[in-house]
Amino acid sequence: MSKNVKIALAGNPNSGKTTLFNALTGSEQYVGNWPGVTVEKKDGILAGHKEVVIQDLPGIYSLSPYSIEEKVSRRFLVEEGPDAILNIVDGTNIERNLYLSTQLAELGLPMVMAVNMMDVVRKNGDKIDFEKIARALRCEVVGISALKNEGGLEAAEKVVEMAKKAVVEKGPGKLPDVPHVFSGSVEHAIAHIEESIQGKVPLRSIRWYAIKIFERDREIINKLEIGVGEMKHIEEHIRDCEKEIGDDAESIITSQRYDFIKRLMDKSLALNEKRKDKATMSDKIDKIVTHRILALPIFILSLCAMWFLAVAEKGPGTVLTDWANDGFLGDGWHLPFTTHEVDGKDWETAQGEFAKAEATVAAWEAGEKKASIEDEETGEIAEEWDIDEAAYNAAKEVEEPDPSKFGVWVPGIGALITSALEKAGVSDTVKSLVVDGAWGGVATVLGFVPVIFVVFLFLAFLEDCGYMARVAFIMDRLLRRFGLSGKSFIPMLIGKGCGVPAVMAARAIENERARRMTVILSTFVPCGAKTVIIAMFAALFFREQWYVAAMMDVVGIAIIILGGIALKKTRFFAGEASSFVLELPAYHLPTISGVWHHTWNRLKGYMLKAGLVIFPACVFLWFVMHFDWSLNLLADEEIEKSILHDLGSWIAWIFEPLGFGSWQGAAASVSAEIAKEQATATLKLVTVGMEGVSSGAHIQNFFAAISDFPKLAALSFMVFNLFVPPCMVAIAVTFREMGSQKWGWIAVGFQLFVGYALALSVYQLGVLIAGGGFGLWTAVAILVDLFCLWAIVRRVKS
Amino acid sequence: MTLAEMKEGDRARIVRVTGEEAVKRHLGALGFVAGTIVRVVGESYGNMILAVHESRIAVNDATAKDVEVSNV
Amino acid sequence: MSVSSIVVLTLVLALAVLAVWRNIKKGSPCECGSSCKSCDGKCCCCEHDESAEK
Chain A
1 MSKNVKIALA GNPNSGKTTL FNALTGSEQY VGNWPGVTVE KKDGILAGHK
51 EVVIQDLPGI YSLSPYSIEE KVSRRFLVEE GPDAILNIVD GTNIERNLYL
101 STQLAELGLP MVMAVNMMDV VRKNGDKIDF EKIARALRCE VVGISALKNE
151 GGLEAAEKVV EMAKKAVVEK GPGKLPDVPH VFSGSVEHAI AHIEESIQGK
201 VPLRSIRWYA IKIFERDREI INKLEIGVGE MKHIEEHIRD CEKEIGDDAE
251 SIITSQRYDF IKRLMDKSLA LNEKRKDKAT MSDKIDKIVT HRILALPIFI
301 LSLCAMWFLA VAEKGPGTVL TDWANDGFLG DGWHLPFTTH EVDGKDWETA
351 QGEFAKAEAT VAAWEAGEKK ASIEDEETGE IAEEWDIDEA AYNAAKEVEE
401 PDPSKFGVWV PGIGALITSA LEKAGVSDTV KSLVVDGAWG GVATVLGFVP
451 VIFVVFLFLA FLEDCGYMAR VAFIMDRLLR RFGLSGKSFI PMLIGKGCGV
501 PAVMAARAIE NERARRMTVI LSTFVPCGAK TVIIAMFAAL FFREQWYVAA
551 MMDVVGIAII ILGGIALKKT RFFAGEASSF VLELPAYHLP TISGVWHHTW
601 NRLKGYMLKA GLVIFPACVF LWFVMHFDWS LNLLADEEIE KSILHDLGSW
651 IAWIFEPLGF GSWQGAAASV SAEIAKEQAT ATLKLVTVGM EGVSSGAHIQ
701 NFFAAISDFP KLAALSFMVF NLFVPPCMVA IAVTFREMGS QKWGWIAVGF
751 QLFVGYALAL SVYQLGVLIA GGGFGLWTAV AILVDLFCLW AIVRRVKS
Chain B
1001 MTLAEMKEGD RARIVRVTGE EAVKRHLGAL GFVAGTIVRV VGESYGNMIL
1051 AVHESRIAVN DATAKDVEVS NV
Chain C
2001 MSVSSIVVLT LVLALAVLAV WRNIKKGSPC ECGSSCKSCD GKCCCCEHDE
2051 SAEK
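Protein chains in written order, with the working numbering: chain A, 1 to 798; chain B, 1001 to 1072; chain C, 2001 to 2054.
One chain only, chain A, in its complex shape (with noise of 0.2 angstroms):
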C-alpha cells in the first residue's frame, strides 16, 4: 500500500515522548521539561517505514480544551484524525498517566500503550501486570524504555500494524471496542447523548464526543451545533447525574476516571513494599534544594558557578576565549608541548624584548626622551625608560622573532586572510574592509563562543536534569508577591538562552495581566548574545572581579523582582496572587547525546547568528566609518569625517550621562539593537585606530580616552546594553505577543527607562563615590533613583 500512515505520539509530560521520538525518527529534537514550549506538533517518519508517519503532540495531562497543548493535541487528534495511536506511559507514574490513556482510548482508535522506563520499574522492585491493563482500556500494553533503546520500535511497529489492519477489516463507520469507565448513572446518560449526536460524529469516536458533552465542553458543543431544544434535554440528565452523586459534571468525569484507574490499579500494579512511603533519591536532593533557607543560596551558587567557569582569570572560558582571540582566529598560536627555548629566551621573552625595541625606536624618532610600553590588560604603563641615540641605534637591530622558530607555529585565519590578500594584491582599503571591518566584528563575536559554550552547557545540564523545575518553584514564593505567574519564571530561564522564545513562552500564561508582565521583564536576564557583552568586559575590565559577570545575572533577576512590584502598582498591572502548580519531574542524569544536543542547538544558533548577522552588519558600518557624506573613501585618520561618526555624534550626547558620551560609543550601543553582541564587534571596528598590542586594549583606550574613569564608564556601557530592550527580532515578538501597539511601546519604554536609570546610576554614583565629584547628573542619577524606590516601596489603595 502506497497510502500514508499517520500515527500519533501522545503522552504526559516527563514520560519520555520526546525521547522516544528522537528514537523512532532519528530526529534531534530537544526534550523540553516546560509547559508552553514545546506547543508545536512535530512530525517524523519512522525509521525504516517510508510511509509511515509519527506525529509528536505536545505534552499533556489530559483532553480538555483549556490549554494551548492540548487544543492542538485534541485538534490533531479529533479532526485530523490519525490512524493509530501510540501512546506512552511513565511506568514510574503510572497512575497519573492513565488518566489521559483512558481518553485516548475512548476515542476509538487502534492503540498501542508503550509502558516507558520499564527499567526503572524493575530496579525498583515493582509489577505491572500489562495483560489486565490490555484488558480494561482495549488496547494493546506493550513495556519500553525509551533510554535505553529496548522496545520502542517494536511499539511503534505494532502499533502501524494495527492501523493497516483497522484500514484494511473494519470500515470507518463500525463500533469499535472502547472501555466503560464510568458508574451506572453516568453511564446512562452518556448513552443517551450518544444517541443524539448519532450520525454527527464518526461512529469510532462518538462515546469520546457523547462524554465531552456530558463535561459541558463548549468547544465541542459549539462545533457539533446541537439544538436549543436538544442541549436542554441533554442538560436535564446531566443535572439528574449531578444531583445524585453530589458533585459537577466534570468533576464527576475526573473523580471517576482516577476511581477507575485506581480499581485497575489494584488488579495490575504490584509497587513494591519496601519503597513504600520512603524518600526517593529525588526527595531528598529536594530537601536541601528546595529548604527554606538553602534554597536561594544554593541556586546563587550554581550561578556563581557557572560564571566562574566562564569568565575567571584563569578558568576554562577565559583561557579558550584569549586563545581564541589572539591565536586562533588572530595570529596564531603554537601547537601545545612543542614550544621550546630559541638563544636561551622563550617566545613571550622575546616578543617582550622586541616589543620594547620597537617602543624604543618609535619614541627615538618622535623625539622622546623616554620610551614606555602598557600592561597589555590594563593598559596601565608597565615598564618606562630613558633612551639615548645608542639604546635607539641597538633597537633597530633587534629582529622580529619569527614565532615558528619557537616551536609548531599554527598561524591564525586573520594572518592568513590577511597574507592571502596580500599575495593576491588587493588594495588597502578592501584588505581593511575583509581584515578589519568583516572579519575583525565576526572574530570577535566567534571568539566569545568558548565562554558562551560554557553557559549554554551548565544551563543544559541544570534543565536536563530537572534542577530547573525546582528554581521555578522556589522563584515562585518571590515572583508570586506581583501577581506574576509562577509560569513565569519558565520565560526568564528560557530567556538564559535567548529572549525570542522567552517572550513567545509567556503565552502559556493564561492571566493576561500575568502574561503581560512576564513579557516585559523576561528579557532582563541576559541572554546568549549579551552574554558576550558581559564575557568581553569581564575579560578586559573585569579580569579580577569575575563575580561582576554573575552579579549581571542577579541584577537581572532583582530587576525583574523590583520592576514587577512597582509595575504591579500601577493601574495596568494591578491584580491577585494566583496559584501555582508544577510537576517535579525525578532528578535524572541527563544523557550525554541529550545535553550535547540541548548546547549544540543554540552554539550553532549562535554561530548562524555571526555570519548571518553580525557579516553583514560589520560589513555596513565599515562602509559609513570609511566613507563621507558625499561618499569620498577617507583615509583612516580621517574618521572624523565619516558618516558614522556624524550620526554618532547627533546621538552622543544622549550617553554622556552615562560615561560613554561618544560617537563611538552611540554607535555600539544603537547596533546592538541589531543583535546584542554587535556592540562588541561594533566596539572593536569603531576604536581600531586606538593603539593597542591584543586584540582588546584598544577598547581599554578609548574607555580610558573618553572617561577618567573608564571602568566605571565600561560597567555603565555593559549595563546599559544588557538592560535596555533586547534586540529587534525580540522587540518584534514583543510586540506581536502583547497584541497591540500600545503595550508594546509600555513594554520597550519600560525596558529603555530601566536600562538608561541604572548605567545612569552606576555611573554617576560610582564616580561620586570614586571621588570625582557631585555635578548636574550625580543629582538627577539621586533623583531617579529615589523615585525608583518610591515606585516600589509606596502603598497602593486594593
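Source of the hints: derived by calculation from the structure; they are not laboratory data. Built from N, CA and C at the ideal position, the CB exists for glycine as well. One should not assume that every hint holds.
Unchecked claim - Estimated spans, in silico, between C-beta atoms of each pair:
id: 1; chain 1: C; residue 1: Leu2011; chain 2: A; residue 2: Thr338; range: 31 to 41 angstroms
id: 2; chain 1: C; residue 1: Val2007; chain 2: A; residue 2: Leu608; range: 21 to 31 angstroms
id: 3; chain 1: A; residue 1: Lys267; chain 2: B; residue 2: Glu1005; range: 28 to 38 angstroms
id: 4; chain 1: C; residue 1: Thr2010; chain 2: A; residue 2: Asp386; range: 44 to 54 angstroms
id: 5; chain 1: C; residue 1: Leu2011; chain 2: A; residue 2: Lys123; range: 57 to 67 angstroms
id: 6; chain 1: B; residue 1: Asn1071; chain 2: A; residue 2: Arg263; range: 23 to 33 angstroms
id: 7; chain 1: B; residue 1: Thr1002; chain 2: A; residue 2: Ile654; range: 50 to 60 angstroms
id: 8; chain 1: B; residue 1: Glu1068; chain 2: A; residue 2: Arg263; range: 22 to 32 angstroms
id: 9; chain 1: A; residue 1: Ile654; chain 2: B; residue 2: Glu1005; range: 53 to 63 angstroms
id: 10; chain 1: C; residue 1: Leu2015; chain 2: A; residue 2: Gly773; range: 45 to 55 angstroms
id: 11; chain 1: C; residue 1: Leu2011; chain 2: A; residue 2: Asp636; range: 21 to 31 angstroms
id: 12; chain 1: A; residue 1: Ser630; chain 2: C; residue 2: Leu2011; range: 20 to 30 angstroms
id: 13; chain 1: C; residue 1: Thr2010; chain 2: A; residue 2: Ser419; range: 19 to 29 angstroms
id: 14; chain 1: C; residue 1: Leu2011; chain 2: A; residue 2: Asp386; range: 29 to 39 angstroms
Chains B and C: place on chain A using the hints.
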C-alpha cells in the same frame, strides 16, 4: 481543613478542590480528586511539594488553601 | 583598483546581501535552543511562526 495546614511528612485524604476553575481542572488531571491520598514531601513558607500517586507536584500556598482534606 | 580588489569587494558585498536576504526570508537565527528542524526548517526564532496557535 486544607492542605495548607499540613506539615512535612503528613498524609491526608482529599475531600474537595475549590478555587478557580482552571486550577481545579489542572489539579484534577494531576490526580487531586476526592479520595486520593497525598503526602507532604516538603514545605517551605507555605509552598509545598506533594507526593500524589508516584509523582511529585509543587504547589504554592494560595493553591494549597484551595484543597480541602481530611485526616488519614 | 586591482582586479583582485574588485573581485574580493564584490564577493564580500554579495555575501552580505545574501545574508540579509536570507534573514528576511527565513527569519533571523538565534540561540533559541530548539533544533532548527522544527518550525518547518526555519530556526524557531523566526517571525513567521505559524506552528503555534493561540
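Each hint, compared with the structure:
no. : hint                                     : verdict
1   : C/Leu2011 / A/Thr338: 31 to 41 angstroms : holds (35 angstroms)
2   : C/Val2007 / A/Leu608: 21 to 31 angstroms : holds (26 angstroms)
3   : A/Lys267 / B/Glu1005: 28 to 38 angstroms : holds (35 angstroms)
4   : C/Thr2010 / A/Asp386: 44 to 54 angstroms : holds (52 angstroms)
5   : C/Leu2011 / A/Lys123: 57 to 67 angstroms : holds (60 angstroms)
6   : B/Asn1071 / A/Arg263: 23 to 33 angstroms : holds (24 angstroms)
7   : B/Thr1002 / A/Ile654: 50 to 60 angstroms : holds (54 angstroms)
8   : B/Glu1068 / A/Arg263: 22 to 32 angstroms : holds (24 angstroms)
9   : A/Ile654 / B/Glu1005: 53 to 63 angstroms : holds (56 angstroms)
10  : C/Leu2015 / A/Gly773: 45 to 55 angstroms : holds (50 angstroms)
11  : C/Leu2011 / A/Asp636: 21 to 31 angstroms : holds (23 angstroms)
12  : A/Ser630 / C/Leu2011: 20 to 30 angstroms : holds (26 angstroms)
13  : C/Thr2010 / A/Ser419: 19 to 29 angstroms : holds (21 angstroms)
14  : C/Leu2011 / A/Asp386: 29 to 39 angstroms : violated (50 angstroms)
This entry does not satisfy hint 14, going by the numbered hints stated previously; all others are met.
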